[in-house]
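Colleague: Please model the complete structure; the sequences and the hints are all you need to start from.
Protein chains: 2
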Amino acid sequence: MFSQTAEYALRAVVWLAENAGDASVGNQRIAEGTCVPETYLAKIMQTLAQEELVTARRGAGGGFALNYEPQDITVFDVVNAVSPIKRITSCPLGLKTHGKMRCRMHESLDAALEKVEEALSDTTIAQIVGDRSRPKPMCDSPTR
Amino acid sequence: MFSQTAEYALRAVVWLAENAGDASVGNQRIAEGTCVPETYLAKIMQTLAQEELVTARRGAGGGFALNYEPQDITVFDVVNAVSPIKRITSCPLGLKTHGKMRCRMHESLDAALEKVEEALSDTTIAQIVGDRSRPKPMCDSPTR
DNA sequence: AAGATAAAGGACGATAATATCTTTAATCAA
DNA sequence: TTGATTAAAGATATTATCGTCCTTTATCTT
Chain D
1 MFSQTAEYAL RAVVWLAENA GDASVGNQRI AEGTCVPETY LAKIMQTLAQ
51 EELVTARRGA GGGFALNYEP QDITVFDVVN AVSPIKRITS CPLGLKTHGK
101 MRCRMHESLD AALEKVEEAL SDTTIAQIVG DRSRPKPMCD SPTR
Chain H
1 MFSQTAEYAL RAVVWLAENA GDASVGNQRI AEGTCVPETY LAKIMQTLAQ
51 EELVTARRGA GGGFALNYEP QDITVFDVVN AVSPIKRITS CPLGLKTHGK
101 MRCRMHESLD AALEKVEEAL SDTTIAQIVG DRSRPKPMCD SPTR
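Chains D and H, in that order, give the protein sequences. Using my numbering, the letters of the first sequence map in sequence onto residues 1 to 144. Using my numbering, the letters of the second sequence map in sequence onto residues 1 to 144.
It should be emphasised that the hints constitute simulated quantities derived from the structure, not laboratory data. Keep in mind it's a predicted model, so treat the numbers as computed, not measured. Check before you lean on any hint, since a few could be wrong.
Pairs of lysine to aspartate or glutamate residues, derived as EDC-like cross-links and limited to a Cα-Cα distance of at most 16 Å, are as follows [what the hints assert, rightly or not]:
no., chain 1, residue 1, chain 2, residue 2
1, H, K115, D, E118
2, D, K115, H, D110
3, H, K86, H, D110
4, H, K115, D, E114
5, D, K86, D, D110
6, H, K115, D, D110
7, D, K115, D, D77
Covered stretches of chain H (in silico footprint by chain D; criterion: 3 or more residues with CB under 8 Å from a CB of chain D, positions within the stretch not fixed) [claimed, not checked]:
no., stretch
8, 7-14
9, 105-113
10, 119-131
Each residue gets a CB set at the ideal place from its N, CA and C atoms; glycine is no exception.
Modeller: What follows is the structure, given as structure tokens:
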């Protein structure tokens, strides 16, 4: 239901919130900390940078840093940045007889999508990091 | 978010509820009525038959018929039959340190999945067919 | 200015989802 | 029993997603 890419992006953002503070951290270190394939994470971080969830800096001492405070980033923001939830706002069949109106079936599917948006918007990255009652995600290996 | 396969399966089930009554209808006619590629629909109907949402009969006069009354089939039943919603019931990373416990992040994702299940379970096929205030899905072309 | 570091970008593979085609098996009617 | 009809099943093609690799560009340090 949620793409692998979304899972990876979330791990990276949570890891940054937990381990980076304001400093930039290189892709390689984030990949190690989150058990995400390094080269693929590079692509995902690129997208997150384009969507301005993180800022990217090249060169020595460069890397990625969160562009917002963890309490201002929701799970929805991250998921939506890398694999946008496509709401069904009009008939996907493009039928002239339907016009803009959706049939009951697509209305039902879209209602579910709306619930997803709501649910994902309910959790911030800060909440994930701050929840000491639960295990942290990521790797067994030390988070360095 | 929802697969093409799920969309097709829903169209087929709704179409059957609307047009077939108790009679068996061949795959070809269902495909025409729903604008779904015929050969691909055949595969999907096969799955729906295996999941016992429909009954399949071969040979002349054969085809597919709903195995339950439209009011007893929900959108969730259909979606789940062809592309099951995979709930996140334990740490997807398989970390020893997590055990069965999910981190807050995966808990949040799973909460969204739960909402989807609830939302899709709220609508029955009968409701879709019975809603005269909205356009019907499927094709512009005559329904047969 | 020169070299080292790290992201950007493009090209390329691997895998999974979507879609098609062909053969086989079951069922019905004559 | 024969032929027509229709789903089952398996092989194959197409497309999107996931993942890797290599070259280029920007930035920092010396």
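Colleague: Now tell me, hint by hint, if it's right for this structure.
Modeller: Consistency of the hints with the structure:
Taking the CA atoms of K115 of chain H and E118 of chain D, the gap is near 9 Å; set against the 16 Å cutoff, the hint holds. Restraint check: the Cα-Cα separation between K115 of chain D and D110 of chain H comes to about 12 Å, which is no more than 16 Å; the hinted pair holds. Of the pairs offered as hints, the one joining K86 of chain H and D110 of chain H holds, with about 9 Å between alpha carbons and a cut-off of 16 Å not exceeded. Proposed proximity of K115 of chain H and E114 of chain D is supported: the alpha carbons are some 10 Å apart, at most 16 Å.
Proximity of K86 of chain D to D110 of chain D is assessed by CA-CA distance (about 9 Å); at most 16 Å being required, the pair is judged to hold. For the hint pairing K115 of chain H with D110 of chain D, the CA-to-CA distance comes to about 12 Å; that is within 16 Å, so the pair holds. Note on K115 of chain D and D77 of chain D: the hinted pairing holds, with a Cα-Cα distance of about 15 Å set against a maximum of 16 Å. Residue count for the stretch 7-14 of chain H with a Cβ under 8 Å from a Cβ of chain D: 4. That meets the three needed, and the coverage hint holds.
Given as covered by chain D, the stretch 105-113 of chain H passes the check, having 8 residues with a CB less than 8 Å from a CB of that chain where 3 are the minimum. Against chain D, the stretch 119-131 of chain H contributes 7 residues with a C-beta closer than 8 Å to a partner C-beta. That satisfies the three-residue criterion, and the hint holds.
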